[in-house]
Amino acid sequence: MSMIREKLEQITREDIMRFVALYSVAAFLVLFLVCPLCILFAKAFQYKDGSFAGFTQFIKYFSSNAMVYSISNTFFIAIVSTIIAVTLAFLFAYSLSRKNVPMKEFFRYVGMVPLFAPTMLLGIALIYLFGNKGMLTTLGIQIPLYGKVGIIIAESIYCFPVATTILMVAFSAADNRLYEAADTMGTSALRKMLTITIPNVKYGLISAIFVAFTYSFTDFGAPSVVGGNFNVLATDVYKQVVGQQNFNMGAVVGIILLFPAVLSFVVDRITSQKQSAAISAKSVPYQIKPHKITDFVATVFCSIVAIAMILFFAVALFASLIKLWPYNLTLTLSNYDLSHVSAGNGVIGFRNSVLISLMTAFLGTILTFVGAYMIEKNYRFPLSRKITYFLSIMPLAIPGTVVGLSFILFFNASAFQIPFTDYSIINPFHSIYGTIWIIMLANMVHFYSVPFSTATTALKRIDREFETVSESLNVPFYKTLWRVTLPMCFPAICEMWVYFFVNSLVTISAVVFLYFPTAPIASVMIVSMQGAGQTAPAAAMCMVLLFINLGVRLIYEIIHRRQSHGI
Amino acid sequence: MSVSLKVSDVSKVFEKNVALNNVNLEIQAGEFVCLLGPSGCGKSTLLRLIAGLDRPTSGQIYIGNREVTNLPPSRRNFGIMFQSYALFPNLTAYENVAYGLRNKRMKKSDIDARVNRLFDMIRLSHAKNRLPAQMSGGEQQRVALARALATEPDFLLLDEPLSALDAKVRLSLRKEICNIQKEMKLTTIMVTHDQDEALTMADRIVVMNKSVIMQSGTPEEIYEHPENPFVADFIGSINFIDAEKSKTYGLGDKGQTAIRPEKIVLSRKESGSSLRGEITDIEFRGFYDRVTVVITNCLCGDITLAVDVPFQTAKYMDFHVHESVYVNLPKEEVLAFE
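If you read the sequences in order, they're chains A and B. This note's numbering puts the last residue of the first sequence at 567; the count rises by one with no breaks. This note's numbering puts the last residue of the second sequence at 1338; the count rises by one with no breaks.
Just so you know, these hints were derived from the structure itself, not from any lab. Take these hints with a grain of salt, some might be off.
[What the hints assert, rightly or not] Each pair of labels, with its calculated beta carbon distance range:
hint, chain 1, residue 1, chain 2, residue 2, range
1, B, Thr1200, A, Pro491, 42 to 48 Å
2, B, Thr1057, A, Thr87, 52 to 58 Å
3, B, Ser1125, A, Thr195, 56 to 62 Å
[Said to hold, decoys possible] Reference listing, derived: stretches of chain A covered by chain B, where coverage requires no fewer than 3 residues with Cβ under 8 Å from a Cβ of chain B:
hint, stretch
4, 18-24
5, 209-218
C-beta atoms are modelled at their ideal positions from N, C-alpha and C, and glycine is treated no differently.
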């Protein structure tokens, strides 16, 4: 009896709360990340009837000409888009961080705008510019838009902001003393570039290349709009699963899509560790020295990028504001009346999208923060913390298409048969299939890692003795979390919220699989409207989503600035 | 309220690393004990085990007569101070001190009275409403002390509390902590790697090295009668003379001997047991000169001794490099290690 009492005395209520919090996060990730992926793997090795297939599905896939064609197409697209996007991003980031360019803030924001729009918007703008009756086509500038050219342009723009962000961080970590030392030795500009600048941003560059490659390798939005008959893997999965209801073959393609993402993930892990070690606390920030010619070239370059970017979005805006291109150019707002579009009631879809994004942002922020907190500020359950950490960064390696595919496989099944037995378990989550909640869950999983890392970084900056002090004062951890940790992490929490919201609103790759006519959402409606030839209303819907996202971001910037001024 | 502490046969193993190896320690109620040792000796690990932040691999820990080995920190009733101050940056000094009280069912006026009393004690009543960022390091650490004392702990744990401070502030805070500790008769354990801090503050010093306790005793005992070469070397300066030479010179025949530089007397006149040597170096050290003397002996090799000569004496004697002197090693000051 006294033994039991002694044991009970050693377990506090707080320990139980910590236990519940950590394992809730872990359970979420196991249920909605690990389980669906397991089902995906299982399906790839099964025939349609559920019997074991081994590698036959893979062999069948690779022996089909059409499929091999898709793979080579996808690689071609991804490689060319990566080269274009990273080259432009490198020059753009270099100009903004190392040259005297005016209006840097403006250029930086303009370069980021594609992040806030659905990729379909880029496709639509391209059609208006270079399509059969496009503005530039009629002026005599003709390019074979539908197919690889269109996809490559769209993917390049899509990857540009991410690559720029990564490279800006890499360029900002420079030690001016190295440049001063080089100057005292009379080193030429080219030699400084080759021996100091490039080695310094090496890891950022590698990371940008892999991220851009993965983005363009797995993207669904752009190929679905301007792809024409040019098949890529992401659209193949969709056709296999949604078109032909061949889930097993879809799973095979999904696994192939995982490869570059997993590789990119591993490379990113390795390089980010090396990057952080490269710069010491003693480093002196880079001092920009005026240089008339190169400063001018850099400014011209940034202006061209900005003008091109603005042009794209202006064209999309224009497309949404005219009656019928190119026959009736009257300005109208009728395209913004979304209640009668081909895909159904656009207002409902739009409302669902906003609701999903709000819920994803709200629940996702809480979940990722609690997860990061329990991993970072808690010394109990070391093994479970390590595993949960790994699961938390794993979504980085899972492309949206694969998230969507594994979700449909997981939630669609009303029961799971336990392999090699006659027993089966009823799927308790089957009931949310076909509702907007499955989309919310998919978004939470798909976008989990970045906010998780934001929270982890913010928590790492806070003295780890705070928890010890409050324990010694017999103040429960949740009170310290509420009174100290949360207020100190407020900027990070806002950033996490915005990330979840912005991405959930425009994402297409995962949700296209989970779309159900009873629960329509805006981004999928855009694809189907565009497919039905309703390009102008599709453009209008893209613009509305873009404006909402820009608005949210603007509010965030205002709050953020107030905060940093206040302190 | 003050309690005794007891650590009994405690070991702590991290993966393959032995951080503490069978450590035994008893601390009287009201005693101020310093855990002193080089980094990695296990002193911080021992503090964390006493706080309950880690669990020992084996052995028991007692607070008073109660075994607490597996008790969580929140049930051990102690106060703690860190090198980093660990003040909550978004709360005022007042709220930091009141932090642990807000959680108890205390009347607001009682909290107010106690917090104000603590601010009087640390002489910072004027700075109650400042945020930590608006205070100096020394002020922040005093607030941290007040916060640790606010909940009337049974004992106090200090983890290198003065290491991040400027030399001057450090000296005044040493006194302040000692005075408060004596006044409250609060059992206190301080971890430090600074021997001056340990010598001036502690009732008892526990010297640790490589996961074990090397010696435990009052500052005088530790300094005057170190039990082993490590303790002798770690605290203060010392000249070691190996066993063979010790025997030759008649300093001891059981093994290595040692003598502190300030215990050696230099003179120009030969006396009974003095040895002849040559000055090879004189270093000015402020209130004393560090004189290096080499005693040449063709039988068993040279002995190099560091000798501290007080400033006044040095001025009067006016030694020079390359000069011959006589070295006196008083028998009672020679330490012998077996």
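These are the hints, each one checked on the structure:
1. B:Thr1200 - A:Pro491: 42 to 48 Å: Holds, since Thr1200 (chain B) and Pro491 (chain A) (Cβ atoms, about 44 Å apart) stay within the stated range.
2. B:Thr1057 - A:Thr87: 52 to 58 Å: holds (57 Å)
3. B:Ser1125 - A:Thr195: 56 to 62 Å: holds (59 Å)
4. 18-24: violated (count 0)
5. 209-218: That given contact is violated, which follows from only 0 residues of the stretch 209-218 of chain A lying within Cβ reach (below 8 Å) of chain B.
In the structure shown, a violation is registered for the earlier hints numbered 4, 5, in ascending order.
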